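Enquirer: Each chain, letter by letter, is given below.
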Amino acid sequence: MSEKNINRREFLKLTAVGVAVAAGTHAVSPTKASSDAPKGKHQWAMVIDQSKCTGCNYCTLACQANNDVNPDIQWNKVIEDGMVGDQKVYVPRPCMHCEKAPCVEVCPVKASYYRDDGIVMMDYDLCIGCRYCQVACPYDARSFNWEAFTGENPAVPEWGGPQVERRPRGVPEKCSFCYQRIDRGLSLGLTPGVDAEATPACVVVCPVGARIFGDLNDPESNVSKALRENSSYRLRENLGTGPRVYYLPAVPTKEA
Amino acid sequence: MFKKLRSKLVITPWAIWLGILGIILLGGLVAGILVFWKGLSITNLTDLVPWGLWITIDLSSIALSAGAFSLCAGVYLFGLKRYQPIARTATFVGLVGYTMAMLALVLDIGRPDRFWHALVYWNTHSLLWEVTMCVMLYLTVLVFESMPIFANFEWFRKRFPKLVTKMERVHHYAPILAIIGLGLSSLHQSSLGATYGVIKARPFWFKPEMSVLFMLSAIVGGISLTLFASMLSSRLTNKARTNDALVERVAHFVGYLLIGYFYFRAWDALSTTYTYDPGRTEGLGLMTRGPLAFNFWIVEMLLGMIIPMILLLYKPTRMNRFWRMAALLLVAAGVIAFRWDINISGFLVVMSYVPGAAISYTSYVPSLIEILTGAAIIAYGLAAFSLGVRYLRVVDHSMIEPEHEKVKVDATEPVTV
Numbered sequence: 037m038s039e040k041n042i043n044r045r046e047f048l049k050l051t052a053v054g055v056a057v058a059a060g061t062h063a064v065s066p067t068k069a070s071s072d073a074p075k076g077k078h079q080w081a082m083v084i085d086q087s088k089c090t091g092c093n094y095c096t097l098a099c100q101a102n103n104d105v106n107p108d109i110q111w112n113k114v115i116e117d118g119m120v121g122d123q124k125v126y127v128p129r130p131c132m133h134c135e136k137a138p139c140v141e142v143c144p145v146k147a148s149y150y151r152d153d154g155i156v157m158m159d160y161d162l163c164i165g166c167r168y169c170q171v172a173c174p175y176d177a178r179s180f181n182w183e184a185f186t187g188e189n190p191a192v193p194e195w196g197g198p199q200v201e202r203r204p205r206g207v208p209e210k211c212s213f214c215y216q217r218i219d220r221g222l223s224l225g226l227t228p229g230v231d232a233e234a235t236p237a238c239v240v241v242c243p244v245g246a247r248i249f250g251d252l253n254d255p256e257s258n259v260s261k262a263l264r265e266n267s268s269y270r271l272r273e274n275l276g277t278g279p280r281v282y283y284l285p286a287v288p289t290k291e292a
Numbered sequence: 002m003f004k005k006l007r008s009k010l011v012i013t014p015w016a017i018w019l020g021i022l023g024i025i026l027l028g029g030l031v032a033g034i035l036v037f038w039k040g041l042s043i044t045n046l047t048d049l050v051p052w053g054l055w056i057t058i059d060l061s062s063i064a065l066s067a068g069a070f071s072l073c074a075g076v077y078l079f080g081l082k083r084y085q086p087i088a089r090t091a092t093f094v095g096l097v098g099y100t101m102a103m104l105a106l107v108l109d110i111g112r113p114d115r116f117w118h119a120l121v122y123w124n125t126h127s128l129l130w131e132v133t134m135c136v137m138l139y140l141t142v143l144v145f146e147s148m149p150i151f152a153n154f155e156w157f158r159k160r161f162p163k164l165v166t167k168m169e170r171v172h173h174y175a176p177i178l179a180i181i182g183l184g185l186s187s188l189h190q191s192s193l194g195a196t197y198g199v200i201k202a203r204p205f206w207f208k209p210e211m212s213v214l215f216m217l218s219a220i221v222g223g224i225s226l227t228l229f230a231s232m233l234s235s236r237l238t239n240k241a242r243t244n245d246a247l248v249e250r251v252a253h254f255v256g257y258l259l260i261g262y263f264y265f266r267a268w269d270a271l272s273t274t275y276t277y278d279p280g281r282t283e284g285l286g287l288m289t290r291g292p293l294a295f296n297f298w299i300v301e302m303l304l305g306m307i308i309p310m311i312l313l314l315y316k317p318t319r320m321n322r323f324w325r326m327a328a329l330l331l332v333a334a335g336v337i338a339f340r341w342d343i344n345i346s347g348f349l350v351v352m353s354y355v356p357g358a359a360i361s362y363t364s365y366v367p368s369l370i371e372i373l374t375g376a377a378i379i380a381y382g383l384a385a386f387s388l389g390v391r392y393l394r395v396v397d398h399s400m401i402e403p404e405h406e407k408v409k410v411d412a413t414e415p416v417t418v
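Protein chains in written order, with the numbering used here: chain A, 37 to 292; chain B, 2 to 418.
Hints were generated in silico from the structure; no laboratory data involved.
Just so you know, these numbers come straight off a predicted model, no measurement behind them.
Here a beta-carbon is modelled for each residue, glycine too, at the ideal position from N, C-alpha and C.
The hints are all genuine.
FRET-style restraints, in silico, Cβ to Cβ:
| id | chain 1 | residue 1 | chain 2 | residue 2 | range |
| --- | --- | --- | --- | --- | --- |
| 1 | B | M137 | A | R202 | 29 to 35 Å |
| 2 | A | D108 | B | I12 | 48 to 54 Å |
| 3 | B | L120 | A | S87 | 49 to 55 Å |
| 4 | A | V200 | B | L138 | 35 to 41 Å |
| 5 | B | Y362 | A | V244 | 30 to 36 Å |
Rough simulated footprint, nothing fancy, chain B against chain A, three-plus residues with beta-carbon under 8 Å:
| id | stretch |
| --- | --- |
| 6 | 113 to 122 |
| 7 | 126 to 138 |
| 8 | 144 to 152 |
| 9 | 167 to 179 |
| 10 | 266 to 275 |
Looking at chain A on its own, in the form it has when it is part of the complex:
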């Protein structure tokens, strides 16, 4: 009987120690316990002003050219979404680069992953083509390469030249916030969002300045300011994915 009691006490003690240790490690390194994107020096984000967007599709074309995208696929899609007053409203949709991206969580081989700067990247050499990320993405941001893109890119050279390798057949692809432009720009001492060469092609090409790009970690960046001064929303926010693409809603003009 007494032996049993001791055993139980020891068991409880051990449990208490175990819980304490677990809690301790959690307190020391909270970021490691969660699957959220790591927070690096920069946190890139995009703000799209719907009251300015005219649905011209220049962003889509510049994206096709710079990222050498198959004309059947659109990394950046512009969708018509009704009217506000007498103005047509559009929702341009790049990849949302979610803070808690479903595609990263479900990928069986870690082909989708977070960069330190928040960009959700694809490793096209790891991908097995199971398409679970496509199933999981709430924004249809991923397109599968059902066949190889071998022909000429109709968007080149009018809208720019290819800066990245074409993806092979059998893997899904998506917007990368033009990481190649950001990385090259930073190495040249430029500021993404300010200097055109370091900024995503869709932002640079936009003729009405509906897109703003920049670093959320920098309170003086264009995106931080835009988000401070305007009310904004994100797509399917209720899912808790934490998109890094913000929208400034179109508001009726005063006369309307």
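Following the hints, complete the assembly by docking chain B onto the known chain A.
Expert: Then chain B, alone, in the frame of chain A:
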């Protein structure tokens, strides 16, 4: 010499059966080569419906293989030893089923050459990673569990008697293998449900019950298919012998399981709208009124659950071999319909990310290439099982395996009947 050859080429029902399966396999082989050569563009899969017929075959073969782990657990862990001959059949059905699933998966992924990546580059957050690992490990367990079955191959016995003895000895580890099998199967059978259940983007799938439903339906369907296959083979060939009393007892048990499965499936489906999330009511509408209504009400509910439940629980129909077989086949078909409905319903409802936009619908009909390859995968399964019945005595309830407790005494003696 020609005479001898001709005398061998007598047209028997067996030869016709193999001939038919051979033609389907050939068609599938051609179609499969086309898939690898041309890529997935020749399927009817799209960015909106990226998983279709193949994933249903994949899910169904894994589900209908669940007889292996559940019956092995019953026999070796819960002490229901007299059902051992049925567990033996189930193990072989499982081995065939999992290899079928592998074939379907290799076709389905865009980069079959990187199939091994899941084993090397681990994303432990991914349900699909967990399923892949469990399936690979469980397939290994099934290979070990089937060793004593393969030891029955006459040709093999004559040439490698020593190896055969070793293979038979694996049987003594059956209880350990049953424990590992139970663990791995519980994990991946339910994780296949969770694969759909964790997808927040598609509210019709997003629910925790998905895992339990997949597990339960797999056990019901898996046991049913094993019993049906055993009964059918014993009708068609004298190479298969069943103990009808044993089959009848397990079939009775399936009848009770069906009550639980029916209750849970019906409750789960009809309570879908409790949360009023957009997309859920639309998904339910597809099943109850839309293009999946026949599948849901008739194949799943009526033919797959209610009718077999009655046939298996009502003694006169259960004792009648025809009605029992019919009921067991219907259960298996119902589970396949369940897998199809779950997979496709989540895709057909297209959730818009544009604020305030209405929910739209898409459609999917498998292409000829998908059907040909799918049929070939099923034909492979049928051929493998038929060969097993004929040459490995997969269905033989008169066979008595050496008792696994008496390791030292009877172990090395080959079974002779």
